[in-house]
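Build out the structure end to end from the sequences listed, making use of the hints.
Numbering-wise (full-length UniProt numbering), the sequence shown opens with residue 1 and increments by one.
No wet-lab data here; the hints were simulated from the structure.
Please note that the accuracy of each hint is not assured.
Claimed, not checked - Derived DMTMM-like pairs (lysine to aspartate or glutamate); straight-line CA-CA distance at most 25 Å:
| id | residue 1 | residue 2 |
| --- | --- | --- |
| 1 | K60 | E89 |
| 2 | K95 | D193 |
| 3 | K192 | D181 |
| 4 | K60 | E71 |
| 5 | K95 | E202 |
| 6 | K192 | E202 |
| 7 | K107 | D134 |
| 8 | K108 | E166 |
| 9 | K60 | D13 |
| 10 | K95 | E161 |
| 11 | K95 | E72 |
| 12 | K192 | E176 |
| 13 | K82 | D68 |
| 14 | K21 | E8 |
| 15 | K21 | D44 |
| 16 | K60 | E72 |
| 17 | K21 | E91 |
| 18 | K82 | E57 |
| 19 | K21 | E166 |
| 20 | K95 | E190 |
| 21 | K60 | E83 |
| 22 | K82 | D44 |
| 23 | K82 | E8 |
| 24 | K108 | E176 |
| 25 | K107 | E196 |
| 26 | K209 | E196 |
| 27 | K95 | D68 |
| 28 | K192 | E138 |
| 29 | K82 | D13 |
| 30 | K108 | D139 |
| 31 | K209 | D193 |
| 32 | K95 | D79 |
| 33 | K60 | D79 |
| 34 | K192 | E104 |
Claimed, not checked - Pairwise CB distance ranges (calculated):
| id | residue 1 | residue 2 | range |
| --- | --- | --- | --- |
| 35 | E83 | N45 | 17 to 27 Å |
| 36 | E8 | Y208 | 22 to 32 Å |
| 37 | K209 | H114 | 29 to 39 Å |
All residues carry an ideal CB built from backbone N, CA and C; glycine is no exception.
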Amino acid sequence: MWIAFYNEQGVGDVLMLTRGKANENHLSTESNNGVTIVRDSTQDNQVMSINLFNISEIFKPNGHGNVDLTEEQVSQVNDKIKEAGFDIEVEVDSKPKFVVGYVESCKKHEDSDHLSVTQTNIGGEVLQIVCGADNIAEDMNVLVARPGAMMPNGMIIWPGELRGVESFGMICSTRELGLSDIEDLPGIWELKDSFEPGMSLEEVVASYK
Numbered sequence: 001m002w003i004a005f006y007n008e009q010g011v012g013d014v015l016m017l018t019r020g021k022a023n024e025n026h027l028s029t030e031s032n033n034g035v036t037i038v039r040d041s042t043q044d045n046q047v048m049s050i051n052l053f054n055i056s057e058i059f060k061p062n063g064h065g066n067v068d069l070t071e072e073q074v075s076q077v078n079d080k081i082k083e084a085g086f087d088i089e090v091e092v093d094s095k096p097k098f099v100v101g102y103v104e105s106c107k108k109h110e111d112s113d114h115l116s117v118t119q120t121n122i123g124g125e126v127l128q129i130v131c132g133a134d135n136i137a138e139d140m141n142v143l144v145a146r147p148g149a150m151m152p153n154g155m156i157i158w159p160g161e162l163r164g165v166e167s168f169g170m171i172c173s174t175r176e177l178g179l180s181d182i183e184d185l186p187g188i189w190e191l192k193d194s195f196e197p198g199m200s201l202e203e204v205v206a207s208y209k
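This is the structure:
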């Protein structure tokens, strides 16, 4: 599954697509007709990123940073990629990247004295997320950055491992989300019980206004 980014002021009129973390020391690029693909030799030479230049000649992305593409825009992207001679089809994850999660279980990491391994329900899906916050606990609502989410500091959340345990997301603090005006406390953001798993960050923020 691919995610899309657009930053006209910082990068230019380029739609950037990526589907995972790549090894920067083992990348190769190929360009044709306004499309550049980036392959990672450490991942079977898979295409990990695609850049479409002068994207506004096709459509104007709505937003800044992590952007959602409509079905029509995804179709236009795939047409452009094929016109450039690349045999790649993009499917984009349109689900909200920042959502309410309910911590169903929380156990100490067997190889760490400060990490916890949680099973966190984000509405129809349970993610295993390793968390280092002191205030993480079972039976609480939290704000989860799903894989593919871009944090305010530009970091993208990808599946990974912490001390040998797989982790599929990040449980966030208000400071990490740039929302210290709502609450400015150490540790993860402890949300009200009234929020439902899967509720978007936008809905949560709106309830505080």
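To see whether the hints hold, each was checked on the structure:
Distance restraint check for K60 and E89: the Cα-Cα separation of roughly 20 Å lies within the 25 Å cut-off, and the hinted pair is therefore satisfied. A C-alpha spacing of about 22 Å is found between K95 and D193, which places the hinted pair at or below 25 Å, so the restraint holds. The straight-line distance between the Cα atoms of K192 and D181 is roughly 17 Å, inside the 25 Å bound, and the hint therefore holds. Taking the CA atoms of K60 and E71, the gap is about 14 Å. The hint holds against a cut of 25 Å.
Restraint check for K95 and E202: satisfied, since their Cα atoms lie roughly 13 Å apart, inside the 25 Å limit. Straight-line distance between C-alpha atoms of K192 and E202 comes to about 15 Å, which keeps the hinted pair within the 25 Å bound. For a cut-off of 25 Å, the pair hint linking K107 to D134 stands: about 12 Å separates their Cα positions. At most 25 Å may separate the alpha-carbon atoms for a hinted pair to count; K108 and E166 meet this at roughly 14 Å.
Between K60 and D13, the direct Cα distance comes to roughly 9 Å. Compliance with the 25 Å bound is thereby established for this hinted pair. The straight-line distance between the Cα atoms of K95 and E161 is roughly 23 Å, inside the 25 Å bound, and the hint therefore holds. For the hint pairing K95 with E72, the CA-to-CA distance comes to about 16 Å; that is within 25 Å, so the pair holds. For the given pair, K192 sits about 19 Å from E176 by alpha-carbon distance, which is consistent with the 25 Å threshold.
A threshold of 25 Å between alpha carbons decides the hint, and for K82 with D68 the separation of about 21 Å falls inside it, so the pair holds. For the given pair, K21 sits about 22 Å from E8 by alpha-carbon distance, which is consistent with the 25 Å threshold. Restraint check: the Cα-Cα separation between K21 and D44 comes to about 14 Å, which is no more than 25 Å; the hinted pair holds. Proximity of K60 to E72 is assessed by CA-CA distance (about 12 Å); at most 25 Å being required, the pair is judged to hold.
Only pairs whose Cα atoms come within 25 Å are accepted, and K21 paired with E91 is accepted, the gap being roughly 17 Å. Restraint check for K82 and E57: the C-alpha separation of about 16 Å stays at or below 25 Å, so the hint holds. Proximity of K21 to E166 is assessed by CA-CA distance (about 15 Å); at most 25 Å being required, the pair is judged to hold. Restraint check for K95 and E190: satisfied, since their Cα atoms lie roughly 23 Å apart, inside the 25 Å limit.
For the proposed pair K60 and E83, the alpha carbon gap of about 19 Å is at most 25 Å, so the pair holds. Of the supplied pair hints, the one linking K82 and D44 holds, its CA atoms being roughly 21 Å apart against a limit of 25 Å. With a C-alpha separation of about 24 Å, the suggested pairing of K82 with E8 holds against the 25 Å cut-off. Distance hint between K108 and E176 is fulfilled; the C-alpha atoms sit about 23 Å from each other, no more than 25 Å.
Of the pairs offered as hints, the one joining K107 and E196 holds, with about 23 Å between alpha carbons and a cut-off of 25 Å not exceeded. Using a Cα cut-off of 25 Å, the hinted pair K209 and E196 holds, with the two alpha carbons roughly 18 Å apart. Simply put, K95 and D68 have alpha-carbon atoms about 9 Å apart, close enough for the 25 Å limit, and the pair holds. Between K192 and E138 the alpha-carbon distance is near 14 Å, which keeps this suggested pair within the 25 Å criterion.
Annotation: proposed proximity of K82 to D13 holds, straight-line Cα distance about 20 Å (limit 25 Å). Between K108 and D139, the direct Cα distance comes to roughly 15 Å. Compliance with the 25 Å bound is thereby established for this hinted pair. Between K209 and D193 the CA atoms are separated by roughly 18 Å; this keeps the pair inside 25 Å, and the hint holds. A distance of roughly 23 Å separates the Cα atoms of K95 and D79; the hinted pair therefore holds under the 25 Å criterion.
At roughly 16 Å between alpha-carbon atoms, K60 and D79 fall within 25 Å of each other, so this suggested pair holds. Between the alpha carbons of K192 and E104 the distance comes to roughly 15 Å, so the proposed pair stays at or under 25 Å and holds. A C-beta distance of roughly 22 Å is found between E83 and N45, which places it inside the suggested range of 17 to 27 Å. Checking the proposed 22 to 32 Å range against E8 and Y208 shows it holds: the Cβ atoms sit about 30 Å from each other.
Between K209 and H114 the beta carbons are some 35 Å apart, a value that agrees with the proposed interval 29 to 39 Å.
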